[in-house]
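So the sequence lines, in the order shown, correspond to chains A and B. The opening residue of the first sequence carries number 575 in the numbering used here; numbering runs sequentially from there. The opening residue of the second sequence carries number 1066 in the numbering used here; numbering runs sequentially from there.
These aren't lab readings, by the way, just hints derived from the structure by calculation. Fair warning: there could be bad hints in the mix.
[Stated by the list, open to error] Here are some chain B residues pointing at chain A (derived, C-beta under 10 Å):
#, residue
1, Thr-1080
2, Lys-1389
3, Leu-1427
4, Ala-1429
5, Gly-1430
[What the hints assert, rightly or not] Residues of chain B placed beyond 10 Å of chain A at every Cβ, according to the derived structure:
#, residue
6, Leu-1114
7, Ser-1329
8, Glu-1377
C-beta atoms are modelled at their ideal positions from N, C-alpha and C, and glycine is treated no differently.
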Amino acid sequence: MNNIIKGEKHDWEMVIGLEIHAQVKSNSKLFSSSSTKFGSSPNSQVSLVDAAMPGMLPVINKYCVEQAVKTGVGLNAKINNYSVFDRKNYFYADLPQGYQISQYKYPIVGEGKVTIDFKDGTSKDIRIVRLHLEQDAGKSLHDQNPSKTYVDLNRSGVALMEIVSEPDIRTPEEAGMYISKIRSILMYLDTCDGNMQEGSLRADVNISVRKPGDEYGTRCEIKNLNSIKFIKQAINYEAKRQIEILESGGTIEQNTMLFNTSTGKTRPMRNKEEAHDYRYFPDPDLLPLEISKEEIGKIKSSIPELPDELKNKFIETYKLSNYDASVLTAEKKTSDYFNETINSDSELNNHAKIVVNWITSELFSLLNKNNQDLNNSPVSPENLGQLIKLISTNEISGKIAKDVLDDMFSSGKTARQIVDEKGLQQVTDQGEIAKVIDQVIADNPKMVEQYLAGKDKLLGFFVGQAMKLTKGKANPKILNDILKQKLNKKN
Amino acid sequence: MSKSSLKQTLKDLDTKKISIRELNQDYLKRIKENENLNVFIHFSEDNVLKQIDSLEKDNSAKKLKGIPIAIKDLFCTKNMPTTAASKILENFNPTYESFVTQKLLDEGSIFVGKTNLDEFAMGSATNTSFFGNTINPLSKDDEPLAPGGSSGGSAAAVAADLCLGATGTDTGGSIRQPASFCGVVGIKPTYGLCSRWGIAAFASSLDQAGIFSHNVEDASILLQSIAGFDQRDSTSAKVDIPNYFENLDDDLNGKTVGIPKEYSIDGTPKEISQIWEDAIKVLEKKGVKIKNISLPHTKYALPTYYIIAPAEASSNLARYDGVKYGFRSDEIDSLDEMYENTRAQGFGREVKRRILIGTYVLSAGYYDAYYLKAQKVRKLIANDFNKAFKECDFIVTPTAPSAAFPLNEKQNDPIKMYLNDVFTVPASLAGLPGISIPFGKDKNNLPLGIQILGKHFDEQQVFNAALSLERSYE
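Please construct the entire structure, taking both the sequences and the accompanying hints into account.
Structure (structure tokens):
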């Protein structure tokens, strides 16, 4: 990987760390029993605790704690038996308590790491500093009234996991791969729905630039990015901005930045002097969180196969490349689909690579084109398996198979039905194919002459003609062999 | 004034010597006669009559059926407004009932009104209330006295016989000190015995609900009614609540009382030292072993308390911001201005002072020197008690360094005011149960109080010792 950016005067390198805020998948909030359902009418999911009425007290939701521990295990991280909830104090209209309950000195999860895989087959570990639990704030609605701000507290108190990485990321692409990997792990674990559009997963990006080998530079933090595209855009813009400042002799101010998604630019929100003093202190309404080794053990044993384990299994069992296996395991629905497809017929085991290709290129592009999701694909894994078996047994050609898949996708019929109905079986009968070739040769004497005179390229023309006559059903290998034989005989 | 006890009244109601209506009309009459004391922030005769009506239709047996109780206006109540004595909650009507008041309602008691207090329970004289001072019922005509605080309204309500018992909250002495000033019994139980759910928070790690009553027996009956585990309060304790009243035993023979030498403070009035000695003598006569003990970190208790309590308060009171409920300033041009003007106009001086102190001690660069240090000292203070209780069954000290003082005496000197808590704060920091009972008088014939401290969740021992002293004094 080349991480170097050429500036006007120097070479530069980005240093990037991410703070990911992932909404814990849970029916109720971190400290109250209100629902967490997305898209409900404003302030319909607000308890007395969420609205911070006088005398109301938080009570920890054990399920959210288990989800955080599960996630910690999935990130290969240390689970802390002892952690503490602190209050982060600041005023904002959508923060009813006047403080956010978070974890400061003693987070529930400590150091961990995740691995990202590159196309060239190499991988890289990104270290994780910590994961802690905290409450989300409500939402200020500034566009409902020209002179007023409305507040929706439905999200107030929803559990978030903040996952903080070390500044191990060096390119926008790595940042994208890292967040995709985290998202994938959380979705396998079922601890976050991974829905970035609904804000279930968002990130703050810390970025600085340096000359390769130098100490870290001064960083800026870009707040609240909710798509991988925006993360990459924001990083690219911000790095360019910092390099321009440094190359013209300036210094970087440690700022908190906002990213404008329509202009693609970052702008400062506040500088270091204006930074809040959050006055963290342990929340006296809550006891320290203690989790026994037994409880952690129990949670560990309930964890499903994670993408990296599955990836290694795929590489070993099906002899797939590291990259293919990582694409296949990036999302649980993809690996599930692959598993179901390949298990639908024992003979497919030897054709894993073909299965991967048909899923990740042909089926994906059809789904994309039709704006559909693998979860409700019109082509079931069993049906795709049947199609691939028809290919692997030479019953139909790959080219025909693409048309069959199109048909399956729109009609919902099985591959077998379509092939039978339309008579698409590959013609492998040598006599039949020879007959067709004889006709092609007879019909195109001039071309044959030219071919024999040395115009080798014309071979393709004859193949095309023969295929046309067989409606594409002739086995290409047999067709080629016989064609060459017959033409050479003429010589 | 011949005051009837809760215990006797329950008997009289049971034997139909008196009806619920007659009983409460008697109290209503006295409440109206004593309006000048400014005991209640909220009082509605109609509301009381309604409660009587509904209890008369209720045939079920209830432990406190028809008993008139006054509620400190820090407890959220569904059928009466709740203000915390602050302008910022002037017209606040909770949709919910606090754990403690719900228990009292379940037992059939009648709430006569919401009593005055120092704003958000911050004070020692009930003189920081947005709704004006409460006057100590024991005042002479020429010189109004403070009832103590912060639960001064509740203490005064019992002293003036406007109810048979009252709820209070105690953060650093807010039940025990006013009980002492008004000549009534006041108990602050172990931290965690009564749920804090529905009590507007001052300092969460110290706040604890408790009881005012005419005597120790009544206090034991009422405390049992409000104690108990509540899953909505993570700091509430899962302990069995004994029947304190049934188990009362004033025979202290063979017990050991601890007398902490650090509570002899220079400048304590002679009368205070005198009643302390008297109490020790009484106990000795009853066969109690006297043990001189040391609580070496006592002198750090006040500064520790005045760091921790304001720190928590500064955060607890952040929710009063004018956004969701309560007072909001009219002068708003921006969000920041709304906060500033709402809180500047909505909070009184003492509350603002403590928010400022609390904000300061939690600030970056000061946290370690103040808050963190205070937490460490708090542990040392708790350890002092743990050690001492290995050698004694209970501890006896004076409740406050003086009798009730004139209303406005210490208003402009917060440090002097804070010194009122010198004997009560250490047990608050340690989360221990403490009771104050009237014991002796000063030269102006004003009541003085003796404080009895017990081990965690050993309220029974505290009651027993208190009963024994009370009986010897009467």
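A quick look at each hint next to the structure:
1. Thr-1080: 39 Å, violated
2. Lys-1389: 6 Å, holds
3. Leu-1427: For B:Leu-1427, the interface hint holds, since the closest Cβ of chain A sits about 4 Å away, which is under 10 Å.
4. Ala-1429: 5 Å, holds
5. Gly-1430: 9 Å, holds
6. Leu-1114: Nearest chain A Cβ is 28 Å from B:Leu-1114, so the label holds.
7. Ser-1329: 32 Å, holds
8. Glu-1377: 6 Å, violated
In terms of the numbered hints stated before, the structure departs from hints 1, 8, listed from lowest to highest.
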